[in-house]
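Number of protein chains: 4
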Amino acid sequence: MAGKIRASIIGGSGYTGGELLRLLLMHPQVEVRSVSSEKSKGTPVTKVHPNLRSMTSLEFVEAAKIDSDVDVLFLCTPHGASVKLVEQYLQRGMKIVDLSADFRLHNSAEYPVWYGHPHPRPELLSKFVYGMPELHREEIRKAQYVASPGCLATSAILALAPVVAAGLVDTEHIVVDSKIGSSAGGASGDASTHHPERAGTVRAYKPTGHRHTGEIEQELSGLIGGRRVVVSLSPHAIELVRGIFSTAHCFLVKSGLKDVDMWKTYRSFYKDSPFIRLVKEKEGIHRYPEPKLVMGTNFCDIGFELDAHAPRLVVMSAIDNLVKGSGGQAIQSMNLMFGLDEKTGLWFPGMHPV
Amino acid sequence: MAGKIRASIIGGSGYTGGELLRLLLMHPQVEVRSVSSEKSKGTPVTKVHPNLRSMTSLEFVEAAKIDSDVDVLFLCTPHGASVKLVEQYLQRGMKIVDLSADFRLHNSAEYPVWYGHPHPRPELLSKFVYGMPELHREEIRKAQYVASPGCLATSAILALAPVVAAGLVDTEHIVVDSKIGSSAGGASGDASTHHPERAGTVRAYKPTGHRHTGEIEQELSGLIGGRRVVVSLSPHAIELVRGIFSTAHCFLVKSGLKDVDMWKTYRSFYKDSPFIRLVKEKEGIHRYPEPKLVMGTNFCDIGFELDAHAPRLVVMSAIDNLVKGSGGQAIQSMNLMFGLDEKTGLWFPGMHPV
Amino acid sequence: MAGKIRASIIGGSGYTGGELLRLLLMHPQVEVRSVSSEKSKGTPVTKVHPNLRSMTSLEFVEAAKIDSDVDVLFLCTPHGASVKLVEQYLQRGMKIVDLSADFRLHNSAEYPVWYGHPHPRPELLSKFVYGMPELHREEIRKAQYVASPGCLATSAILALAPVVAAGLVDTEHIVVDSKIGSSAGGASGDASTHHPERAGTVRAYKPTGHRHTGEIEQELSGLIGGRRVVVSLSPHAIELVRGIFSTAHCFLVKSGLKDVDMWKTYRSFYKDSPFIRLVKEKEGIHRYPEPKLVMGTNFCDIGFELDAHAPRLVVMSAIDNLVKGSGGQAIQSMNLMFGLDEKTGLWFPGMHPV
Amino acid sequence: MAGKIRASIIGGSGYTGGELLRLLLMHPQVEVRSVSSEKSKGTPVTKVHPNLRSMTSLEFVEAAKIDSDVDVLFLCTPHGASVKLVEQYLQRGMKIVDLSADFRLHNSAEYPVWYGHPHPRPELLSKFVYGMPELHREEIRKAQYVASPGCLATSAILALAPVVAAGLVDTEHIVVDSKIGSSAGGASGDASTHHPERAGTVRAYKPTGHRHTGEIEQELSGLIGGRRVVVSLSPHAIELVRGIFSTAHCFLVKSGLKDVDMWKTYRSFYKDSPFIRLVKEKEGIHRYPEPKLVMGTNFCDIGFELDAHAPRLVVMSAIDNLVKGSGGQAIQSMNLMFGLDEKTGLWFPGMHPV
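So the protein lines, in turn, are chains C, L, R and E.
Count the first sequence with the numbering used here and you get residues 55 to 408, in order.
Count the second sequence with the numbering used here and you get residues 55 to 408, in order.
Count the third sequence with the numbering used here and you get residues 55 to 408, in order.
Count the fourth sequence with the numbering used here and you get residues 55 to 408, in order.
No wet-lab data here; the hints were simulated from the structure.
Glycine is no exception: its CB is placed at the ideal position from the N, C-alpha and C atoms.
Please note that the accuracy of each hint is not assured.
Heads up, incomplete: computed chain R residues facing chain L, CB under 8 Å, no partners named [claimed, not checked]:
#	residue
1	Met80
2	Gln83
3	His103
4	Pro104
5	Leu106
6	Arg107
7	Arg296
8	Gly338
9	Gly350
10	Phe402
11	Pro403
12	Gly404
13	Pro407
Derived list of chain R stretches under chain L, where covered just means 3 residues or more per stretch with a C-beta under 8 Å from a C-beta of chain L [what the hints assert, rightly or not]:
#	segment
14	191–205
15	211–225
Only chain C is shown next, with the shape it has when bound in the complex (with noise of 0.2 Å):
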């Protein structure tokens, strides 16, 4: 790049714009020139995100007025409300990453079925590619419009894509058990997260139909060639604010497999993968991934146990939903669209303790 690369987020206001927010203004290569808000229109962007105090001056501006000479454009509007938008950027010139799930999916048949209703714009489906780095990283470094991956899928597809791609497990028996922070459900609280509600408790989410299901079998089943695979996912809300970990639980097809086996299965899959870390311990508190390890980060940490006792896999996986679930893993795409390596404004540590 000659210059920074200008910026401009539509729907800055809520969680993932805000994380967005933050890691752009982080990102060495990268100039914010404008963020939207329709309902904080005219106020400081840290008087919604206070964490950015002293960081940057930005207000607000409603979406018809951002500065659209820009590099790349972000949406973060809620689903149903990118298709809308985006028409009238496509023929700007600037790259495109949306964060709704409005361009996940490439058949416009499964709208219906997990959204509720058909896609508006079907045609426009294929200008999108599905921006999961580790799957499709050279697809997104030619890309012009990027559709970012869902949280929740995210944890998923990551765990359980190598051992698909291997033809390893039963593909109609996946059961994917999420656990999830209360973050995940946006700025905007309801009764089911008035805090006296919602601390402290396990309640299933969803504990079927999730809408997640479609993009995580849509990725799955495009790593065998397109052979259909039957995702089973419960995500359940516990007392976590940020922070996904999912249990894949499947079942073998193959006998005999050793840990070793596991390990080269992953390795390999993930070996161009850099936030991607392996995590598999002997000894000591911190064995499999835990989400408070990747907190405020763009890793997704990955871990495994064969079953003795039944032909079982456990993966587990754990990811910061807003970063790697969300802002970090557009940013992520986004300097693979940019030519930048991409680690780039996103190669750093969690906390410990936290």
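Since chain C is already given, all that's left is putting chains L, R and E on it; use the hints.
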């Protein structure tokens, strides 16, 4: 009963013993005669269980000095210790409720599998009834000796028993993903329970090979004439002190099942079981079981969801690991053993919010 | 009493009403006749208070339709609403316990100071006794109408009353720094109680000017013949659902005070008060009061420490804001009003651990 | 600097050492040469600090084998250990930043008061500068040796310094009521930090006589020519891992002070201090400092409120005990000692929500 039931507790300084004591002290038909603790002998029980201040003036005695002229003896000793202690009491005529795992498995061959060593007194196993009233009410009524179930086992068995008994689910592919509080690990801490490390974590604990698998499979198998049942149990330590939430992911062997079928199956199975509450609301924020809502109580709340997308049934259960999962269930058995209503001393609600 | 005390609750859908209901349902001498809620009328109370599932089949009615042929009426209505409602019941002969602030302050001139508006019916104030049995036991026994204290006020007054009454502390420099749980804010959430914002925070809430200051000063002043007492109250919202911990920092007017003097002062003042537990251990981990240990109970635990470095006394108190700070204390008053032992229906311990 | 600053850490396996290491590894002008730990020597630092996986391949060495050919040595050793270790390094010419309490108090007579034993090398005390840049920026720039402040002391001093320096408050009646997270107690647990006991508690920790009182009084007194300042410090362990919130309750010696006066006092005092953020909003949910918002950062957020009811000023401060309260502040001093901008390597925001 002519007078009150005289009871003593061996091993009363742990969380299990403390909770049993809390409940026995409030039980209208019980008189607690003595409580033992080797390490705390001579000190008031309130030093160890400060919640009982003003409630009792009992002091711990050493086990050798407990008042054993009692009607019932509770053993809250560690696994492996109960079997050694119990012998001296077997000829005394008292009833015994053992809260350890030493007498839960009927088949002595299972002890090496799950506990890593042969059972030292296999001939005693047949003398003990597995103390889960919802499955063995009549046997418990007649029992002299009861082996009270494990906490994770309780949550898993109660979730699954009706559908396994009804032959609805594929018994080779049952996944139980449990979320547990820190009190389940007992009163003695280690590096993994140090607050900065344990707080706010999601940490897989024995993702394969957990000991309670043995009793879960035994009990479920017992419901279908001893046919094989394979349970894949994976507990996760989460931010919670008290409580277990188990998510049982089952694959259905029948198609076309409706909610109404499931309701009938569960209602019928538990029609005489006051501590089972079926929780499945169509609206509101408390649609499924939550450990918070049973905290401090002997209830096991159970909910379910059929998956429209896959032949899957998700069953959810919530208990307080120290009450229904331990001391409360032991008293529920005791009530039956002495001809009392099983609700006696246990019929009170939890708190909301908490 | 010949039969049971017949009771109705107006305003039963909030946390205060729900907790009062939980306790009344378990009370051996009370029969709950009706519970009102305008917004939830016609629905089972268990929809709103899911902890009470299996415990009651009551449905909410509108206030206008409550069964008012009762012995006691509890008002759990918001501040400002009780004073409007109460009129119609004053001539009916029933006893009334109001849990709002509407009748707590004796001097009507204090209402504009703390509540921002003149009291609409100042002539009624003298009819109500301030319902803190530890200070006004005999008056409550004879009372027809009781104004039950605020939660923060309860924790502060009970901590300070003995030393203020004994003339030990500088009444111009009393600081009460309180730590409170989210349930104290009630069942209706707003942006500040959205879990991602409220969880894990320490947030000053009204660091100056909190309304409860008025009743604290009234009650402490009443102990010393109406002489002026100035209390600087600063509550902090912390990660906690139930519970208040108040730290009262006092400066001593006498020198040479020893622990034994303090013990005598507190023991003497509270010798007839079963719900006050003095907690001051020389060793172990539970040396001072902790809200956890009184959760769900009517206890107020009090501890203290003399500062060897400065003429300062630190007094600490812990209560459950919804029990001793609200519904439990109201029942304690009710017990006295009906000639019962004040412990009736309230004499049970908390949990450990929790 | 010609090249990077070469740094070694003695005592790197605790939370303080780990956090210092996290920050130094990310510092653009620092090269970490070695890190010692007696108990973990020979193992990768990532075994102890799992957040640093993929970030470093350093292994712990024993202290005797650290690379001491460095520009700066950080001592993260326990109180009492630093003074023994430091001698051998004093003649080597390196700069030293000691994070223990061993050199914080200038007056050796204070050591017996607060630490219970005479200082073994009182002649060394004058060689160390108290490492709080906001108070001693110029001295630190010239310092060879720095004693980095305690975490509670940092939060208290920064809250109080401007108003004490300006003579606004009664220096005989200052109350500091602090709320602290569990990480402040260090990486070694005991019964009080066992999660079931520590979680969700409010536990007074040294309500009188806390050691940090000594350095707070020293520094505040230093601002007013050595005149006596008495601080009553009471810390409380609350549900929090990282963070300190200190509430300083002050009584004013001047009447008629307005918010604008306070703003001027604080802005003026901290005009050159980039890590101090004044937080006092008229609306919204983040009106005052919150530890969450500074987690992982070197900021100290400060807010205040004048009491209309009494001549009282409440000042609130929030820090991350392991960053501004420990490792971050040590690096801030290091930056000054080496002529760098004090923000170098420390200028990044916290997260929201978290």
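Status of the hints after comparison with the structure:
no.	hint	result
1	Met80	6 Å, holds
2	Gln83	15 Å, violated
3	His103	5 Å, holds
4	Pro104	4 Å, holds
5	Leu106	5 Å, holds
6	Arg107	5 Å, holds
7	Arg296	6 Å, holds
8	Gly338	6 Å, holds
9	Gly350	5 Å, holds
10	Phe402	6 Å, holds
11	Pro403	5 Å, holds
12	Gly404	4 Å, holds
13	Pro407	5 Å, holds
14	191–205	violated (count 0)
15	211–225	violated (count 0)
Taken one by one, the earlier hints fail for this structure at numbers 2, 14 and 15, listed in ascending order.
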